[in-house]
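Working from the sequences, and respecting the hints, build out all of it.
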Amino acid sequence: MTKLCSSNPLQRTALAVALTLGVLSVSGCGDDKQAPAVDTRTAAQKKADEVYNPTPEQKAQQAAERQARIDADKPHKVEFTDPGMGSDADYTDIGQTMVAFKIYNARRDWQESADDVADSSAVILNYKGVDPRLLDLEKKRKGTADGFEKADIAKEITGIVSEISEPFKNTQWVKVTLASDFIGLKSYDFTLKGFKVGEEFFTDKVGLTDLDKSNMAYGNQSKIAPPKATISNLPLHYNFGFVNATDDTLIKVEDEQLARKIEAARPTAKIEIYGFVQSVQRTRINGADQKDRYVYIQPQRIDIQDGQTGEVLLSHTL
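Take 1 as the starting number for the sequence shown in the working numbering and just add one per residue.
Heads up, none of these hints are tricks.
Simulated pairs of lysine to aspartate or glutamate, DMTMM-like, Cα-Cα distance not exceeding 20 Å: (1) K186 with E256; (2) K213 with E200; (3) K205 with D247; (4) K193 with D247; (5) K186 with D306; (6) K186 with E200; (7) K252 with E263; (8) K155 with D115; (9) K261 with D303; (10) K228 with E79; (11) K169 with D82; (12) K186 with E254; (13) K128 with E138; (14) K228 with D204; (15) K252 with E200; (16) K77 with D109; (17) K252 with E199; (18) K193 with E256; (19) K155 with D116; (20) K74 with D204; (21) K46 with E57; (22) K291 with D109; (23) K186 with E272; (24) K261 with D189.
Estimated spans, in silico, between C-beta atoms of each pair: (25) G310 with T97: 18 to 24 Å; (26) D255 with K139: 53 to 59 Å; (27) A68 with A179: 42 to 48 Å; (28) P267 with K205: 23 to 29 Å; (29) I70 with R41: 26 to 32 Å; (30) K139 with G84: 43 to 49 Å; (31) T230 with E166: 22 to 28 Å; (32) E200 with D109: 25 to 31 Å.
It should be emphasised that the hints constitute simulated quantities derived from the structure, not laboratory data.
For each residue, glycine too, the CB sits at the ideal point set by N, CA and C.
Here is the structure:
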């Protein structure tokens, strides 16, 4: 108990009031302190709340994680603008050995390690168009167990790849000639008044849809439109394909005499496709680079040639 020592009644009263206020003040401060609420939810309940009733912070975190998963599966890609039509002489034959390889390595804008480039450049047979230096270095690389020697050879291969790809740095226009049965030149459609061509190559469908999977489960394979097909050339994991051409698979031919001529030549016909390099890409899964690299072409023109005479029966501009 506090003892009041002043003989002055007013002073004693003031002191008592001050002490009382001090006690009240301290008591008031103490009353403001409340123990935090205890989260009594089970782990399962917390997990359910994150899914069905997330906080704003959890929503933001979940959105960021979803976007990260999407981004991790996006390919490396560089896209190019449409240069318009070139003259026939401007078009490089991408069907020739290692041309897609050179365009890809000349026009990509991301880095690839020396080992990665060397692995992707491996060719063991002396095909026309293969730089003989790559053949020799690949044999040496496979024949040594010395890690430093392997690394040195990989760097040398990378230098050669840069050298032989450099002339393709500004390649915009490309062409390829394909057999009619390979590209899929279908018989004349009397309803549509034309020839279907390249449906598997020109589609932008990249995988099976949920409906496709359902049809597959019930044995309705005939209802499943195939996903995009691409063409592989040397080296093995360099491919080229076509984009933005889903609506260009029908070549209208209303002239009956011309249609008859194309139909007669169709079994051995050649299909020459002209286009521009729309993009170069490299596949990624979960953020990891995959082996497959692509040069994608946007078609501009399709020629149907007589396979026996070389005569151009029809030139179709897209």
